[in-house]
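Asks: Chain residues, written in single-letter form:
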Amino acid sequence: MRKSIGTITTVVGALVLIVLAALAISTFIKGDYINGHFVNQTSFDTSIGGPFELTNSTSRYVLTQAMVDNHSFALTDSQARYASPDLVKFKDTYLSIFTPGISLLGIPLYWLGKSWGVPQLLTYLLNPVVLLLDIGLVALVSRKLGSSPKLAIMSGLIFAFATNALVYANTYTQHVVTVALICASLLLAVSKLRWWQRVLLGVVYGAAVLVDIPNAFMLLPPVLVAIFKDVELTTIKDRVKLQLPLTGVWLLIGVLPFLVLFGYYNYQLTGSYFTLGQFIGRYDYPDTNPTVKTAETKAAELLQTATPSAKLPELGFGLDLPFESRSQLEGAHILLTSRQRSWWYYSPVVWLGVLGLTIAYLTSTTKKTAVMVISVIAIDILLYSSFGDPWGGWAFGPRYLIPAAALLTAGIGTVATYCLRRRWLGLGLALVLAMTVVFSVYTNVLGGVTTAAIPPKGEAEALQNDTPWTTLYNQRLVTQNRISSLVFNEYLKDIVTGREFITYLTAFCSSLIGVMFVLGWWENRKVGTQK
Amino acid sequence: MRMPSLILTVSYKWFDKTYQFFARTASMWVVLLSVLLSIGAYYYFQSVHLTLAYNDARSHLNIGRRVVEGLKPGMAQLGSVWLPLPHILMVPTIWNDYMWQTGLAGAVQSMISYVATILLIRLILKKIGVDTLGQVVGMLVFALNLNILYLQSTAMTELLLIGTMTAGVYELINYYHDQTILSLIKASFWIMLSTLIRYDGWFLCFYGLALVVIQAILQKKWRKSEGIFFLYCTLAGFGVFLWLMWNTAIFKDPLYFAFGPYSAHAQQEQIEAAGQLITKHDWLTSLKTYWYAMAYNSGTLVVVLGLLAAVGLYLDKKIASKTRLALSVLLVPLMFNILALYLGHSVLFVQGINGDTWFNVRYGIMMMPSLAVFIGYLVYRLKSLRYLLLGVLCALYLFQFTSFDAVTIDDGRVGSSQKNVSEVSGWLRAHAANEKGFVLISAASHDAIIFSTGMPMKRFIHEGTGKYWESATTTPDRWARWIVMRTNDNNDQTFKLVNQSGVLYKYQLVNSFPFADIYQLKDEYLPNLQTESVLGPQR
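Chains as they are written, first to last, in our numbering: chain Z, 1 to 531; chain S, 532 to 1070.
Keep in mind that the hints were calculated from the coordinates and are not lab data.
None of the hints are false.
Some chain Z residues near chain S, calculated using beta-carbon distances under 10 Å:
{"no.": "1", "residue": "R239"}
{"no.": "2", "residue": "L319"}
{"no.": "3", "residue": "D320"}
{"no.": "4", "residue": "L321"}
{"no.": "5", "residue": "R326"}
{"no.": "6", "residue": "L329"}
{"no.": "7", "residue": "A332"}
{"no.": "8", "residue": "S386"}
In silico BS3-like cross-links for lysine-lysine, where the CA-CA straight-line distance does not exceed 27 Å:
{"no.": "9", "chain 1": "S", "residue 1": "K544", "chain 2": "Z", "residue 2": "K237"}
{"no.": "10", "chain 1": "S", "residue 1": "K848", "chain 2": "Z", "residue 2": "K368"}
{"no.": "11", "chain 1": "S", "residue 1": "K849", "chain 2": "Z", "residue 2": "K368"}
{"no.": "12", "chain 1": "S", "residue 1": "K548", "chain 2": "Z", "residue 2": "K237"}
{"no.": "13", "chain 1": "S", "residue 1": "K914", "chain 2": "S", "residue 2": "K657"}
{"no.": "14", "chain 1": "S", "residue 1": "K819", "chain 2": "Z", "residue 2": "K457"}
{"no.": "15", "chain 1": "S", "residue 1": "K658", "chain 2": "S", "residue 2": "K717"}
{"no.": "16", "chain 1": "Z", "residue 1": "K367", "chain 2": "S", "residue 2": "K914"}
{"no.": "17", "chain 1": "Z", "residue 1": "K241", "chain 2": "S", "residue 2": "K548"}
{"no.": "18", "chain 1": "S", "residue 1": "K849", "chain 2": "Z", "residue 2": "K367"}
{"no.": "19", "chain 1": "S", "residue 1": "K914", "chain 2": "Z", "residue 2": "K229"}
{"no.": "20", "chain 1": "Z", "residue 1": "K192", "chain 2": "S", "residue 2": "K914"}
Sample of chain S residues with no beta-carbon within 12 Å of chain Z, all distances over it, derived:
{"no.": "21", "residue": "L564"}
{"no.": "22", "residue": "I570"}
{"no.": "23", "residue": "W626"}
{"no.": "24", "residue": "A741"}
{"no.": "25", "residue": "I850"}
{"no.": "26", "residue": "L865"}
{"no.": "27", "residue": "F890"}
{"no.": "28", "residue": "A961"}
{"no.": "29", "residue": "Q1039"}
{"no.": "30", "residue": "N1042"}
{"no.": "31", "residue": "F1044"}
Backbone N, C-alpha and C fix where the C-beta goes; we use that ideal spot for every residue, glycine too.
Using the sequences and the hints, build the whole thing.
Replies: Here it is, written out as structure tokens:
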């Protein structure tokens, strides 16, 4: 009886949490409702704060549109105009510079939205829904790293509300989907790995490649673990035996359909199964109407004319990758320490995860998972610090490090579990966590309800119109009451100011995390007493 | 559902035998593979005409060449600007035009040093108990660095210095370990050689002395220590002593190399006067500058991992404290370079700190063997993360190769270390090579031009040609058919002296180039011109 009450409480509690989290996330959905119509459903308004403020969303959205409306992977002239400069022109065909994964995932939502007259609104729901899923997946990874259940959920909530994942959940980009796929692959790799789990891991890997090419590298650690898990080297009497089970075949079965689909996509656009849009190079749509251009495009053009670059004669070994070791010094600085993008300024709470991963690494039961998680984080940082544009264009925080942020926040549950079982450490952690969580939540709420398009310092200076290159930009928009939230614009605009709206949202999201922390404290206090 | 397995079985005996064979012959394989890498890299950089990109590389080759050929050949041509060992080592091969003009005479010693350093990294790692994988990773971190591969293909002095310093470091560690006089003698010998290559070696010499003294204090065997102290000083300091004597004998001033008109000090003074010696008396900028230089040369990840590993190594109680103390010698290049920048004895420009240019950025490569040792140790200690480390290092090196990221090449091609003199040397080749008459030129200012013409050294009258130089700068019209100089630049000794002679009107300016102008004696003065080396052997 007592057990069933406990189960019912857990289920109800989980449902309440899901509803509250969903409610919080839905508050950030961008849009406006004017004269009985949702704006941006048939047009592309590129102004700051809108769903089409960044071409990395627009380019993917027009691809979804092309696939549903025109039954084609190629973009029409008008679609190409909006996708530019995240556009490729191959012979006479326009294609999105991005891999088609996100656009494919958005098809059912676009199709449904179109029949209801809100295609943009519904298509963009993809990422908020996946973010909700990410909370659960991050929590599961956190459990594998040694967190107690409640604190694991707290980790998931921290990821959702205290990192820039919140901001990117309201774009049509790859980041939160990538997090879901990475977490899924890690969870599969640490499981018993029956044949169907291997197939599923293949599916996850294939889907991840389709979502974004660098995922092929970031998902390597779990995939390699799965491949080599059953390799055995034994000595029997006077012989050495190496046994390689062909379990990789299951993985291949899972990956293959996605590779075929990717090859088909490439073939339709370029006539080759292996020619990817990304490797052809960007194309600026020539007669782009100035009103169509995003602020980012305009700044990039200004910067280009301001600093003509000296070109060296070509040298090299004939293989061209977008990653350069020379960029690493500046890239690592921009992503990890700079005022422009780093976690120190956007989500300082994330750094607590380093302690959690260290604890997990030093604990024998969680060591293997910790090694895998650390590997994915290291690959993420290595890849994007070597990338020519570590800023991620006009962006909010280190958007390329969202997968790393997810895994580090998973570690926060671990460090919290460790500290809460030791009274004074628990108190110290509570203080640090409270401060960093509130600051991180506030910063990302600020971004979530305004804009994800903060220029890099160099471009902001090129604009010469006093555009800030930090979250001051978002604060300025709030002061002007330029809030992008649909809920605010439709229901709350006349009741609260933008600043009050942000304060209430910060309080609500922080409270959700705080409640889980308190529950976790209680849970671990009991563990401590039992011991 | 079960999948079939691939099963490979071999007899343990065979497995063990094969393992033993490779363990026994490991050094041979290391040398063989390193030699192949070294030759392959030289061949590649030679084929893309980069081995002589550095102005300094051509000057080094010319110094070696002047010892065996010219109007005044001999050891005095070793001069005072640079320490003499690299040039002395060139002497056996530099007489050959091919070896001189391709730079191979200088590259050979760099290539041998490259191979030796790889082997030494393995030996150091072995000494501190690092396993085979750690040793292999350590060696590869050094061997596959594109900047190292480039510099070992040139006549620059970096690899020779790295080789001798690493040998000295290895033997010092040995001495701390086994306390034998033989190790101390070997360490002193290699350190002595390094003091004859670059002044970095002098710092190592002093640091080594400090280590030897500390060792003596720890042992409390005072009489023996006294002997060891003098033995080390006599051997390791012999190179420094010789150099001071050399300067006294040739230039009448033991510190001519340090404060003479062509010294680094004089160069630094000019740079300081231009307000560009920003590291002087600024610890933070010095540290930042060398950090950037290391990161650009070795790769940011390698530096970060290496320095983290160094902290781990120095705190590792599994390694004997005396060995850890001896291993501190691996940080000598870091200490020296930061100190030299701070004191204003060294100049190093890196993009991001000094505008958009490079100069001497290759100094950052000096920590490469130490970083390789540290990373080898890291791979050994962090067993659970070793495959991750391998993966990220592989990715880093892949990116380095695919983006052809070698900052030392950029410095040589477009930085301040390059000097494209092809136009001026091309003119001389076309108009002077097959004509009679000497070219008056300052080797201190225009050695790259002399080299690039490919003309015999005896066709040039420069500062090192004794009476020819004295005569030609007072009565140029009697000796020089062509004068190459930077007009109106008193730093160019030729201009300074010819201008004072007052006979420049007898010459016509035939061409102006970015680095120098060419003057040719007017036809009416040709009958009085001396075109043969009539002054006899100069001493």
